[in-house]
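Since the structure of chain S is already known, use the hints to place chains V and G on it.
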Amino acid sequence: MFRFILIRLAQSIFVMFVVSLIAFSLFRFVGDPVAQMVGQETSIQDQERLRERLGLNDPVPVQFVRFLRDLGTGNFGFSYRTRQPIGEMFLDRMPATLELSFVSLLISLAFGIPAGIYTALKRGRFSSSAMLILTLIGVSVPTFVIGIFLIYIFGVQLTVLPTFGRGETIAIGWWKTNFLTVEGLRALVLPALTLGIYQLALTMRLVRSEMLEVLRTDYIKFAVARGLNYRSIYFHHALKNSMMPVITIVGLQLGGIIAFSIVTESVFQWPGMGLLFLESIQFVDIPVMSSYLVIIAFLFVIINLIVDLLYFVIDPRIGSATDSQI
Amino acid sequence: MWRKIIDGTVENEFLYYFFRSTSALVSSSLCLIILLSALFAPLISASNPYDLTTFDLLDSLTPPFWEEKGSSRFLLGTDDQGRDLLSSILYGTRLSLAIGVTSIVFAVVIGVSLGLMAGYFGGRFDAVVMRIADVQLSLPAILTALLIDGIARGLLPASEHDRLMFFVLVVAIGLSLWVNFARTARASTFVERNKEYVQAAEIMGLPKWRILLTHILPNIMSPLLVIMTIDLAIAILLEATLSFLGVGVPANQPSLGTLIRIGTEYIFSGEWWIVIFPSLMLIILIISVNMVGDFLRDVLNPKLK
Amino acid sequence: MPVLEIKNLDVKFSTRFGDHEAVKNFSCSLDAGQIHGLVGESGAGKSTIGSAILGILPENAQITSGSIQLNGREISKLDNRAYHRLRGGEISMILQDPQTSLNPLLTIENHLVETILQHQNLSEEQALEQAIGYLQQVGIPEPEQRIKQYPHQFSGGMRQRVVIALAICSRPSLIIADEPTTALDVAIQKQILSLIRNLAREQEVAVLLITHDMGVIAEITNTISILHNGHNVEDGETPDVLGRPQKNYTRNLISAVPRIDRRLDRFSGLLEEPVNGSAAEISHTQTKEVARTWLLENRSASAGAKPQSLEISDLSVVFSSRPSLFEKKLEFQALNRVNLTVRAGETLGLVGESGSGKSTVAKTIVGIHQAKSGNMTFKSRNVDILRKRKRDDPTRRSVQMIFQDPYSSLNNRWKIYDIIAEPLRFYNLLDGGTPEDKIVSAMIELVGLTTESLYKYPHQFSGGQRQRIAIARALVARPEFLICDEPTSALDVTVQAIILNLIKDIQDQFNLSILFISHDLPVIRQMADDIAVMKAGEIVEYGPSEPFFTQPQHAYSQGLLADIPSLDLLGPPGGIAEDRP
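Here the protein sequences line up with chains S, V and G, keeping their order.
When you read off a place in the first sequence, starting at 1, and then add 98, the result is the number in this note's numbering.
When you read off a place in the second sequence, starting at 1, and then add 954, the result is the number in this note's numbering.
When you read off a place in the third sequence, starting at 1, and then add 485, the result is the number in this note's numbering.
For reference, chain S alone in the conformation it holds in the complex:
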């Protein structure tokens, strides 16, 4: 068991190492950091002094080690554009993105899993065919188009929901939350739907195909032959087994949701990390870009580790390969 976790951990560390390397090369080699930081009028000497102070004259490996150490201590450097410390900028915007992603994930799982099970069990019925066509549309319509349509319907035609920004938030410590005010919750509806619909359709298709796969297995056939009641066959035997791959994909999806929130945040001007990243691309604000990269990869790696641990809890086969077969 420990070996399994250790291997996973080592792989995660490797991924983080490579991503940091990419982030570092971005920062170091795309454009000249010093030229970006100073104005036109700064003298060559001052530039040289700054270069020395930032350690840009040190050997590259030394710089990389320093970069890693800074990352480890949460020191992401300064934005070229706003001159603020990047760590604070992201910390300020992280709650917006996380809350949006969380609600979207909730929407996609709460509707996607039951709908997937339903369409797998009631194959061929009109209602499930209709749902399948809806999911096809769901995975085909780009997120931003969904957002625009929702804005057009609810914001322009019906004018019942806000289409812009985060609305009213309440601060708990440094965490500003939408969940505690009506306005904040109302502001959350359209962006969360926009972000959630694609994932919902994806989840549903996945649950359906996994469920169908499991229903074809011999152990389900045998369970039917033993006369177990269908509810137990479907929800005790089949569902548990089809959830294994679903967990993996949901893990991957959560990463996808956080990344795709870039688009949603742009459509709704939602002040999250994605919007910050988008702005930094337009202004070629490399330090912000590379920090975002590291943060997303880190979230992703953490999620995957959690997924692995979940696997471990659910599947008795993992990690017990050494057990003797008698």
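Watch out, some of these pointers could steer you wrong.
Unchecked claim - Pairs of lysine-lysine residues, derived as DSS-like cross-links and limited to a Cα-Cα distance of at most 30 Å, are as follows:
#, chain 1, residue 1, chain 2, residue 2
1, S, 220, S, 338
2, G, 873, G, 941
3, G, 497, V, 958
4, G, 864, S, 220
5, V, 1162, G, 848
6, V, 1162, G, 900
7, G, 875, G, 857
8, G, 941, V, 1162
9, V, 1162, G, 864
10, V, 1162, G, 873
11, G, 492, G, 509
12, G, 873, G, 814
13, S, 319, G, 509
14, V, 958, G, 509
15, V, 1149, G, 848
16, G, 1020, G, 873
17, G, 873, G, 848
18, S, 319, S, 338
To be clear, the hints were calculated from the coordinates, so they are not data collected in a lab.
All values reported here derive from a predicted model rather than from experimental measurement.
For chains V and G alone, coordinates are given in the frame of chain S:
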């Protein structure tokens, strides 16, 4: 009636399922129509939206012809520059498809060759490829594409950047999708490698590249074809998203995503057509490609039969 | 009253090519405590009958006429809900593969207790107590502890015992066992069969045993039905049908079964497999001549009596693998100091259970695996087996291999012509003489297929025909040595007999030396001049074949021979043809 005819005449299993499936017939004809109209866009569209001399600011924001202020000159109306929207959509589709297809080719070439070799040779090469894939997977497609675009902006001067945008997008989208092909090719190769026809070829002493190309590759084409179609839809979607976010193709050569971005600025002032028609075109395109993909998956995946 | 009575059952599958009658006018009846065997080759419709009784036919199949009565009650017309109430309580089943019949995420206790509670009004504790009792009954040691474990912690044989416990724990009156021992090794097969027999007798359960294996049938059934193409060819008491078969098909089937107790030069009295295309009359003398010259010219005539063709001495093979970068290298000794000799024109049979290393021997000879130590000489020339085989090494051509699974040994994307022609092109065997297509045609006709086959793809052929194609591909390279690695274990018994005959004919005609690998001792006996028994990477017994079968020396060999189901019920194989009225 139709089905009776098909039952009696079509021998080939794939074609048989194809002709019997309404969704396959509808979606593939839609794909074909869109493809043809994109290919021949310069011949069939009323004006050339890239040519500044052909449009007039006076015509700007004309609604579609069935609206009160509409004009039969512009069937679907015009945009803020006075460009004919229908022509812009045709040219935009052409560009979206060109970028989508090229980036899939790019992703296939990288992904399939790495996946084939990783699956066949295994060992250290496989480990390295899979770790790279891990890293790639931890960066979602949209992020990879945005990053590469960002890097290109940092490295290229602005004028060059616009000119090379097509290739920047192809590389950005291609690099974010190669992993799918690599993983599929690797997994399928892994299965084929242990089949006896491959052993027979190895015993004969066939060179490795020949085993890979003439024996294994033809046998793993089915799953790859499915991924290719599904990922083509994703590539088109990614391109549209990037253009929508303003990091894609420049505004003077609009793709569908760019057209939608321009349109959103007019959504609150009532000029709905500028955003609705390109969106519909994009949706129809992606849905038909996805439907073809679903059909291929159902027919080519022996597990589902 | 019989437990199961089937009368005039018809089952129809609707397919795109029209309706296909999988079962036609089938009748049988079965009493409590009895075992009835449904025997037939693939496509005979035996599994369809099993599914029809359980009411789990595929969607495109339906019972078109006839009746199925269970304990006197007509069940074939019940709706699914009513049917489901019968399952478990009155009918249960045992599936073929114990690896896939149990839910991997649930413990054995979950499985058993849930099934028992479904059918009896008991408390959880009582159900658990019963469950442990059933495990004990099917011979699982320490059932109190083992019931807490998951399926993956059991071996194949033990899992099949658990499956049987699950099938009987709901106290059905009928159990349908679909190939219950096919996935198991011979020694375990014997134990499982006697378990089924005892349970049927003690619990008064009727068992419908579906199998293709005559040995299994002869071992435990009371009555049988022989099925062919959905027809009930012949039925009755097992000893009567097997000992005095009345119908040609049954005779044919029985004479195709290889016997452990005698060696035949050829299987006789076989109905030939129908050949694709037109007439089976293909042996033109002209193409035969082409084949003969192709295979026999340039062959250094071997003077003297039976020189050695291939000799292996002190062969050891070690596999090493590293599961991940952080773990220690694992080493596995696959072969340990193996010595073997194959004499020219003779056959060496190599026997062993799965995992004993017999395929490793083959793969080392052809150069897929490299040996750690040892020597190999082929026709008195030393072949380097310690290093990677050179691409132009002559053994690559003169040693050819015929594989186990005809469904995977041919490239599905190539036409038959290209498959057979590939060795010609690759070895550059054509130097002006006979044109390529002449030779390819000669080879395909030599193995009994028409030249029309050359322009088709492998999926258009049956397993037996594919194996013929594989033989043609091996022969076109002008080999002097053939390795046959379980060449018939994926085939039906009548097809097996035909392919074995073909291999013998070809060996006789072209003086080939053969290494014949199989887990199946009766098959080996028909083929081998010498025999070597392998266990865990070592040769435990090695010598001439005939004395081995009458007086095996090593305890392991004796055990192997004792586990083979007795076929004494079957009439003498050669004599059947003459008995015909």
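Structure-based check of each hint:
1. For the suggested pair residue 220 of chain S and residue 338 of chain S, the alpha carbons sit about 18 Å apart, so the restraint of at most 30 Å is met.
2. Distance check on the hinted pair: residue 873 of chain G and residue 941 of chain G sit about 36 Å apart at the alpha-carbon level, beyond 30 Å; violated.
3. Our distance criterion of 30 Å between C-alpha atoms is met by residue 497 of chain G and residue 958 of chain V, whose separation comes to about 20 Å.
4. Simply put, residue 864 of chain G and residue 220 of chain S have alpha-carbon atoms about 67 Å apart, too far for the 30 Å limit, and the pair is violated.
5. At most 30 Å may separate the alpha-carbon atoms for a hinted pair to count; residue 1162 of chain V and residue 848 of chain G meet this at roughly 18 Å.
6. For a cut-off of 30 Å, the pair hint linking residue 1162 of chain V to residue 900 of chain G stands: about 21 Å separates their Cα positions.
7. Of the supplied pair hints, the one linking residue 875 of chain G and residue 857 of chain G holds, its CA atoms being roughly 17 Å apart against a limit of 30 Å.
8. Distance check on the hinted pair: residue 941 of chain G and residue 1162 of chain V sit about 27 Å apart at the alpha-carbon level, within 30 Å; holds.
9. A hinted pair counts as satisfied when its Cα atoms are at most 30 Å apart, and residue 1162 of chain V with residue 864 of chain G qualifies at roughly 28 Å.
10. Of the supplied pair hints, the one linking residue 1162 of chain V and residue 873 of chain G holds, its CA atoms being roughly 14 Å apart against a limit of 30 Å.
11. Distance restraint check for residue 492 of chain G and residue 509 of chain G: the Cα-Cα separation of roughly 11 Å lies within the 30 Å cut-off, and the hinted pair is therefore satisfied.
12. Annotation: proposed proximity of residue 873 of chain G to residue 814 of chain G holds, straight-line Cα distance about 21 Å (limit 30 Å).
13. Of the pairs offered as hints, the one joining residue 319 of chain S and residue 509 of chain G holds, with about 25 Å between alpha carbons and a cut-off of 30 Å not exceeded.
14. Only pairs whose Cα atoms come within 30 Å are accepted, and residue 958 of chain V paired with residue 509 of chain G is accepted, the gap being roughly 26 Å.
15. Restraint check for residue 1149 of chain V and residue 848 of chain G: the C-alpha separation of about 14 Å stays at or below 30 Å, so the hint holds.
16. With a C-alpha separation of about 27 Å, the suggested pairing of residue 1020 of chain G with residue 873 of chain G holds against the 30 Å cut-off.
17. Among the hinted pairs, residue 873 of chain G with residue 848 of chain G is consistent with the structure: their alpha-carbon atoms are about 12 Å apart, no more than 30 Å.
18. Among the hinted pairs, residue 319 of chain S with residue 338 of chain S is consistent with the structure: their alpha-carbon atoms are about 16 Å apart, no more than 30 Å.
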